[in-house]
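Enquirer: Here the sequence shown stands for residues 1 to 208, numbered as in the UniProt record's numbering.
Since the hints were derived computationally from the structure, they do not count as laboratory data. Incorrect hints may appear among the rest.
What the hints assert, rightly or not - Mimicking SDA-like on lysine to any residue, the simulated pairs with C-alpha atoms at most 20 Å apart in a straight line are:
1. 45 <-> 56
2. 206 <-> 44
3. 196 <-> 206
4. 196 <-> 120
5. 45 <-> 127
6. 206 <-> 130
7. 196 <-> 52
8. 45 <-> 120
9. 45 <-> 200
10. 206 <-> 142
11. 196 <-> 60
12. 196 <-> 158
To be verified - Using C-beta positions, here's what the derived DEER-type ranges look like:
13. 93 <-> 205: 30 to 40 Å
14. 171 <-> 114: 24 to 34 Å
15. 71 <-> 168: 15 to 25 Å
16. 152 <-> 175: 15 to 25 Å
17. 205 <-> 53: 18 to 28 Å
18. 67 <-> 91: 34 to 44 Å
19. 168 <-> 52: 40 to 50 Å
20. 152 <-> 202: 28 to 38 Å
21. 159 <-> 97: 13 to 23 Å
Computed from a predicted model, the values in this text were never measured in an experiment. The beta carbon of each residue, even a glycine, is placed where N, CA and C say it ideally should be.
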Amino acid sequence: MESDKSGGETTIRIQEGRSDSKGNAPVVAIATSKASQHSKGRWRKGIAIFDFILRLGAVAAALGATAVMGTTDETLPFFTQFFQFEAQYSDIEAFVFFMIANAIVSVYLVLSLPFSIVCIVRPYATAPRLLLLIFDTIMMALTLVAAGAAGSIVYLAQNGNPNANWQAICQQFDNFCQSVSGAVVGSFIAGMILMKLVIMSAIALKRS
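Construct all of the structure, not just a fragment, from the sequences and the given hints.
Expert: Put into structure tokens, the structure is as follows:
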């Protein structure tokens, strides 16, 4: 500020100060915002890629469980062709339900792959992620219910129930029990993967 007196008049000159810090603040804020958005986009894209990989694993597990259960059949080598003991999945309703449920889940997982790819290409899209979350939850419940029902039958086949006078049949039908046990394990793996997908989708939507 300068004071100049001339002709009885006083003139006060005020020089405008420049604040580099204030002038540069918006630039820094914009740069920080862009960096945050870029980091957030990379994080969401990474989640989407991991989602796609997990879906491939769930497809393999569900399809494997369906195929193994659908081809499970064992006939005891003794007795004649007119009098034989045979065990197959279609004799037990829980195993039939298991195979149908896992087949439905397998088809769904295959159809969900394009939506997972959309989430990779467009990591900020919430509609496909929300759709996957809803149907993943339904298919997770279906898979775990089917695996639990079949698992209870496998347990009875292996151990029996003396109180109900149910005999264990796995000592005779060993291959049959091994096949259905492997199918149940594969179904539980698919269910656990679907559970992880549900959690990942919920986290991604919450941080969107």
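Enquirer: That 15 to 25 Å hint for residue 152 and residue 175 (C-beta), does it hold up?
Expert: 20 Å, holds
Enquirer: Keeping to a limit of 20 Å between CA atoms, is the pair of residue 45 and residue 56 held or broken?
Expert: 17 Å, holds
Enquirer: Within 20 Å, alpha carbon to alpha carbon, are residue 45 and residue 127?
Expert: Within the cut-off at roughly 15 Å; holds.
Enquirer: Can you confirm whether the C-alpha distance between residue 196 and residue 158 stays at or below 20 Å?
Expert: Violated. Residue 196 to residue 158 sits at ~30 Å, over the 20 Å cutoff.
Enquirer: Could you see if the CB distance from residue 67 to residue 91 stays within 34 to 44 Å?
Expert: 18 Å, violated
Enquirer: Hinted pair, alpha-carbon criterion (20 Å max): residue 196, residue 60. Please report holds or violated.
Expert: 16 Å, holds
Enquirer: Need the status of pair residue 45, residue 200: alpha-carbon distance at most 20 Å?
Expert: Holds, at about 12 Å.
Enquirer: Assess, step by step, whether the Cα of residue 196 is no farther than 20 Å from the Cα of residue 120, and give holds or violated.
Expert: Distance of about 18 Å is within 20 Å: holds.
Enquirer: Starting from residue 196, check that the Cα of residue 206 is at most 20 Å away, please.
Expert: 15 Å, holds
Enquirer: Holds or violated: residue 206 with residue 142, Cα cutoff 20 Å?
Expert: Violated - the C-alpha atoms of residue 142 and residue 206 are around 25 Å apart, more than 20 Å.
Enquirer: Is it true that residue 168 and residue 52 lie within 40 to 50 Å of each other by Cβ?
Expert: 43 Å, holds
Enquirer: Check whether the Cα positions of residue 45 and residue 120 lie no farther apart than 20 Å.
Expert: 5 Å, holds
Going down the numbered hints, you'll see the structure goes against 10, 12, 14 and 18, while the others check out.
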